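Chain by chain, the residues:
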Amino acid sequence: MPTIAELSPITSQWQSLFNLYLTIGTVTGVVVISLLVVNTLRYRDRPGRQNPSDAIEEAKIPAERGTIGAALLLTLIVAGILFAITIGTMATVDLIEKPPKGTLHINVEGFQWGWRFTYPNGRETVNEVRIPAGEVTVFYVTSTDVFHKFQLVEFKIGVDAIPGKVNKIWISTEKAGEYLIQCYELCGVGHAVMAAKLIVMEPSEFKAWYEGGGA
Amino acid sequence: MGLPLPAVLPDLEEAVDVRVLVYVAVWVALVVFTVIELMLVGMPMTPITIALGILGLASLKALLIALFYQHLIGEAAWVKIFYAFALLTAVGLVVGMITGI
Amino acid sequence: MGEIPRNSLRRWLFTTNHKDIGILYLVTSLYFLVAAGALALLVRIQLTYPNMGFLTASAYNQAITVHGVVMLLWFLSPIAFALANYIVPLQIGARDLAFPRLNAMSYWLLLFGGLIAALGFFTPGGAIDTGWTVYAPLNTAKYSPQPGITLAGAGLLLLMASVTLSTVNFLVTIFRMRVKGLSLLKMPMFTWGILLTVFLMLLAFPPFAAAVLMLASDRILGTVYFLAPEGGALLWTHLLWFFGHPEVYILLFPALFALGDVLVTFTKRPIYGKKIVIAAAIAGSVLSLMVWGHHMFTTGINPVWRKIMTVLTETISIPFGVIILAYILTLVGGRIRLRTPMLFALGSIALFIIGGITGVFNSSVAIDYGVRGTYWIVGHFHFTLVGGATTALVAAIYYWWPKMSGRMFSEKLGKLHFTIYMIGYLILYLPMHALVDMPRRVYTYPAGYGWELNNLLATIGAFIFALSWPIFFLILYKSLRSGEPAGNNPWGGWSLEWLTKSPPPPHNYDGEPVVDDSGTIRITTLPTNGGHAYHEHYSPWPITISLAAFLIFLGAILFLPVAVAGLLLLVASVVGLAKEGLAEKFKIPEAPEGARWPFTQVEKVKLGVWMFLYSEAVLFGSLIGSYVFVRLNSAAWPAPGEVLSITNGAVNTFILLTSSLTAVLALASVRVGNQTGLKAGLLATFILGLAFLLNKAVEWNEIFQHGFTFSSGLPAAAFYITTGAHGAHVAAGLVVLAYIIAKAFKGGYTRENHSTVEYFGLYWHFVDIVWVFLFPLFYLI
Ligand code: HEM
Ligand SMILES: [Cu+2]
Ligand SMILES: [Cu+2]
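Protein chains in written order, with this note's numbering: chain L, 682 to 896; chain P, 26 to 126; chain X, -16 to 764.
Same shape as in the complex, but just chain L (with noise of 0.2 Å):
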């Protein structure tokens, strides 16, 4: 199994993504999280503490509470660190959704249930599909029926089926072998298994299945 930065830029690019959300979010959380726990054990109820000053008392509206200059001061925090990532997000957005000069357009029908794979010349395969290493695939994707979801399982993406609705989505990677290809929206008792296979072939192979018409 290729690890994830081999295999392919945008599904790299999506790990690195995700793992600096990770990070700060982790970070956000472990803070935030033992904020909470600290402070009530700090302020827990022990023999000797006293009511505050402020304390609420019965038939009583509570006094008020906190400065305008916090809340900006917490708003400000919270957006700073939604603003880093946000910039990150928008790089990589960029890159899944344009994809570099394809060489290889491959039309994509979801049906109920399975995948029908069309190429330029014409040729057809159901629930499998081959594609050369190191070039750039572009699929788009259709459905013929109901919503289904395309989703290459190991590269971490995909992009919604449609009746009337064309999405595309691209891959490239070095690494020839077996992936999975499944759907990600439920469509019916068939959903589970709507599956196919993405074959990764070496040029050369793919270049004389591909000529050969053969299987």
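Lysine-lysine pairs mimicking DSS-like chemistry, simulated, CA-CA at most 30 Å apart: (1) LYS105(P) <-> LYS258(X); (2) LYS484(X) <-> LYS461(X); (3) LYS169(X) <-> LYS484(X); (4) LYS398(X) <-> LYS461(X); (5) LYS105(P) <-> LYS587(X); (6) LYS258(X) <-> LYS741(L); (7) LYS888(L) <-> LYS779(L); (8) LYS290(X) <-> LYS849(L); (9) LYS888(L) <-> LYS782(L); (10) LYS290(X) <-> LYS782(L); (11) LYS726(X) <-> LYS679(X); (12) LYS856(L) <-> LYS782(L); (13) LYS163(X) <-> LYS741(L); (14) LYS163(X) <-> LYS105(P); (15) LYS878(L) <-> LYS782(L); (16) LYS856(L) <-> LYS779(L); (17) LYS125(X) <-> LYS846(L); (18) LYS290(X) <-> LYS846(L); (19) LYS741(L) <-> LYS484(X); (20) LYS849(L) <-> LYS888(L); (21) LYS729(X) <-> LYS562(X); (22) LYS587(X) <-> LYS662(X); (23) LYS878(L) <-> LYS888(L); (24) LYS741(L) <-> LYS587(X); (25) LYS856(L) <-> LYS888(L); (26) LYS163(X) <-> LYS258(X); (27) LYS741(L) <-> LYS169(X); (28) LYS878(L) <-> LYS125(X); (29) LYS125(X) <-> LYS849(L); (30) LYS729(X) <-> LYS587(X); (31) LYS105(P) <-> LYS169(X); (32) LYS779(L) <-> LYS878(L); (33) LYS782(L) <-> LYS849(L); (34) LYS290(X) <-> LYS779(L); (35) LYS169(X) <-> LYS587(X); (36) LYS782(L) <-> LYS846(L); (37) LYS726(X) <-> LYS587(X); (38) LYS846(L) <-> LYS878(L); (39) LYS587(X) <-> LYS163(X).
These are computed hints drawn from the structure, not numbers from a lab. This one's a predicted model, so the numbers in the text were calculated from it and none came from an experiment.
Place chains P and X with the ligands on chain L using the hints.
Frame of chain L, contents of chains P and X with the ligands only:
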């Protein structure tokens, strides 16, 4: 009477005729705008212009009904603000759907 | 009705008291929790190992779908409204909700809605199995012919009727029925949460209602809205998620704000920055109406739009971050008592933090390409909905339980409950975050992708988590049987509900609560017949009307004669209701004074009518928007005059405009005491309305003859559904008008007392306004 009456309409019982006049005048305007809408249909303009013209007139009619028949004109401010917010929500949905195509 | 013994069945069927109804909601929602929880356990058993054969694919799909729908709409919202029903009137010092009978109807519609949806299990093909999102076109009869889905649609429509009534009811109650001196900002947090919740409900449910109406029409009448390749599938996602995103805040707010009250009581300090928390929640609510596209990142919608949605979604986490930090700051300097409600409250905050953070991942369109449709998403929303919202509501139930039952529960068992709950929870849902690439909603999965361990853990966790619930019920049961008496204020809270007995008497307060200028709440003792005396009341019509609606839907879907029975029951109930109205049994005068800003001048029924019309505006906006959307997506559309006769439409326009004039003239007449003018105006309005409907019937008949039938394409679908919904509104208006005319002929309206005539006008003119747009959109353009 305890009912909030339109501010522009004198809140006097003797003034009821004025009020009735306003109601009738609004109705005349509604009818006239409808007739203009009908006349616009066959005009030698682009379909978009016609559509916008007709919908503009329709909005005007809706506004008249809301202001004078629903007496929105003299209603508490927040009744209007919430109304506007609800309409904005609906418009936001439509615009979002259309531009998202 | 006379007095009914408080322990009889009749009391529970006919009650209109908010506390009784709160208890009905509580029991019902817990029942749905157990049912949907059992389904979840079936699902987890099936997923324990790869390639299990415990459930078939079809059974599995039914289980996850019903689980999701019931948990969201029949458990989480209703349990929040159980508390809202019980607590909100107490917190604002009201005797009841503004419209007690409508409140009872909300409950019964919810119950019958749930029942009709559940009936699906007993029909061929089983219950709804499309996932709770019910995506199109899988939801159409072509791909899912089984009645189970139609039944679920009917259930949803009943639920939405229930929700609409509740929203109007709570908005009016909170705006108009606060005791003197209790300004909006002084209200306890929970009441604030409900106020924001119902406001969002008012605006977010109508698009979903429109979508379900269209779906029902597609399935029953054969229209083709969602089947059409010209945008049908996307149309559904737009409408569903326009509702779906605000819905998550609708589910969250009652819980999040209940936490506010719990925190204040158990830290003994005021909320840190209450105004800031409220402002943030309002900002979040407004934003929540603008971010639905983040559920559609992978549908291929406009790329610019995707980026805007990413940024807006990340913006929406700011207010929620602020609220959480404010809650944590609330602890600082307090005197924290770690009693059971507080433990659950703190647990809820911690879990919600994690769910909020994973939400930020999803808001990135780039990450979403990978995680949409995976167990990562399942982990995310269970942290927010179960970890955040449900845990907080458990805290809230513990917190208000002594008030509702009059008894304490065992602290020791409460802590045991908390421990098992948290352990089970974490073992159940944490592993899902490690399944970033596993598809959700699959009944089986292959081995060898590294998914085995985490699925096994989740199943083990599920059983531990499930075990915590019987403990909860046992604690409550034991408390009821043998708990210590609670007294008025067992936790030392400040707000109004703690100032009355536990449980409170039917009239809530023995006296009139007021908040004085120094912020002290006092209960002034008034002679019981002065002020606004309270009579406990009952009405049989809420349950019979809801039952009738249930029967009508059931009949329309399964067996027509049942619908006839339903229709008869409906007519009888409406007549009964009208008689109750004529006898003014439920006419409760508003208290002479109270805190009513910003609607000081707007009488409560009128405010209710306006609130209802706001939701109607969004409903018709959604229907019109759907039409515009599919029309812009379609290559061809009939030209004006081609199918529909412009003359016909124009005649109907003049009829309806004129009926608005006659309606307003009727009002002008009664205002000066002119009874003849009133009667003439009302009659003319009725006749014009009837003429409008007759003309429509003739028109429909004609175009039907010419082949423009329900199923003849998108133009027909849009036309029949949109103008049909409008026609139904005209017809409903005529029913009310008939009642008003009957009352007018009995001399029921006078110069001083004619508000019904005015409020009917608001509705009638609104219906007119809708037509003002429908006419050009369907006939002229
Ligand atoms: C308030 C508490 C929240 C609740 C109750 C909640 C609930 C949900 C639910 C139920 C879903 C799944 C819908 C489905 O079935 O597909 C979901 C998905 C999502 N949530 Fe949340 N969420 C919350 C907070 C957040 C926050 C704070 C964010 C972002 C900052 C967020 C962003 C998202 C996104 C982008 C998705 C779509 C992911 C996808 O389907 O690919 N959520 N949420
Ligand atoms: Cu599928
Ligand atoms: Cu959302």
